[in-house]
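Visitor: These are the residues of each chain, in order.
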Amino acid sequence: MHRIQTPAFLATSFALAVSGIFAAGPSRAEEKAAEKPMAALAIGESVPDFTLADTEGAKHRLADYLGKDRLVVLEWFNPDCPFIKKHHAAHTTLNDLYAFLGDRAVLLAVNSGAPGKQGHGLERNRAAKKDYGIPFPILLDEEGTVGRLYGAKTTPHMYVISPEGKLLYQGALDDNPSATELGKTNYVRAAVEQHAAGGAIAVRESKPYGCSVKYAAP
Amino acid sequence: MKKISTAAAIAASLVLLSGCEKGDSLVRVRLVSEHRALVPGGRTELGVNLRVPNGWHTYWNGRSDSGAPLRLRFEAPRGYEAGAPRWPAPKRLVSAGGILDHVYDGEVTVIVPVVAPQDAAPSDSATFVCVVEWVACRDICMAGTDSALLTLPIARGGPRGEPSADAKLFEEARRRIPALGGDSAELTSRWEANSLVLEGRESSGLVFYPASDCGELIDPIHDAISDTGRLTLRIRPSETGIGHVKGILEMRRSRGTASRFIELDIEPPEAGASG
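Chains as they are written, first to last, in the numbering used here: chain A, 36 to 253; chain B, 5 to 279.
Hints in this document: simulated from the structure, not taken from any laboratory. All clues stand as given, with none of them false.
No more than 30 Å apart at the CA atoms, straight line, and that leaves these computed lysine-lysine pairs for BS3-like:
1. A:Lys242 / B:Lys250
2. A:Lys120 / A:Lys94
3. A:Lys201 / A:Lys94
4. A:Lys219 / B:Lys250
5. A:Lys103 / A:Lys165
6. A:Lys103 / A:Lys201
Please read these numbers as outputs of a predicted model, since none were measured by experiment.
Construct all of the structure, not just a fragment, from the sequences and the given hints.
Guide: Printed below as a string of structure tokens:
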């Protein structure tokens, strides 16, 4: 956020949010065409298996990564979303996380954007992988099947999965839902560290923030 | 109190920082006043006015599945008291994937009451500044920061002067700004286990817009809007129990009659408060 050089006499400040004026909104009946809410995964329960191809055509099956004394971390991804740019371009949060994880976890990005939506497509994601220097695979889920199975709502939306295929953490990457500023706590990193130490994960679930996942219309 | 020449210098510096001054920002930000002048010791209302192109929306400061609330920093001259901002109700937006957001589209205004100091001199002026950090989306999302300023003269006293050219923005905003506490004659509430039942007398529909710190609704897409005068909000208990039900309730009326907006803050059933 840009800062204004505040003159001495412009001293009073506060933060507020802004709201608006509208004509009457849609009725319940008019909203019925909208998709039903997705069933959210519960912490501690088994996550669904999936197989998706990455930007290089290689197929990745979740089950193949499980049972090997390491975690799996999923990041829902859209290369053109401002919140993804915050963590992949303005900062290197995900690449730093990848380095931190090392052999302790596999990190996979998943793009559930539908054809024609922002950040969709093999070429765009292949280019983003190069531009952002992403060292881990970006899986393409154009039909949004996997995204809906997991209840992914935002980019990013993070999931940490145990070697047994149980959900350990889901939610935000960090504790600052800003498009520009980083948080003080990286929830994913904390969950991985706490799990490795054998203790309880302090924050097992948080509200994810970011752009909406650009699913195909139902 | 500084003279207007100081404000002019500030304005010049802000032009260098402000996207809205350059006119190339997606979200146009203006700081507006309901009246043409301030009065020593008197209260007037300023407004942070935003305009987005057709098809785009920004985000309410309440709960949404995606996006980010507008963040705004408001600065007033020393000695001026800026009150709590008053926000009109947002609009529901349900997207593919079961994503529910509460958004603003078109032209939006938040009202900020301001009281001038008693010793404000009629020969002076006062400059106010706002900085807005926004995320705007349609089928794509963008983010940015813009600022605006407003300089108002100090009148000698008595009336606050004629309404400004922007006075109608305030009238429009107030139509969707909630009244605090509601009216028990029009609205009743009761808990049935972990569900809050709201009933609006003579309402043709109810819509609930949850605040960011509202207890978690199990299914806000379906529960928080009704085409009748009855709304049942199922609340998911957290580790600490059921949270307050906080937010804005829209009570829709028959066609041709404006909705009424009420600010809700209903304690959980354990506290024994309902209705």
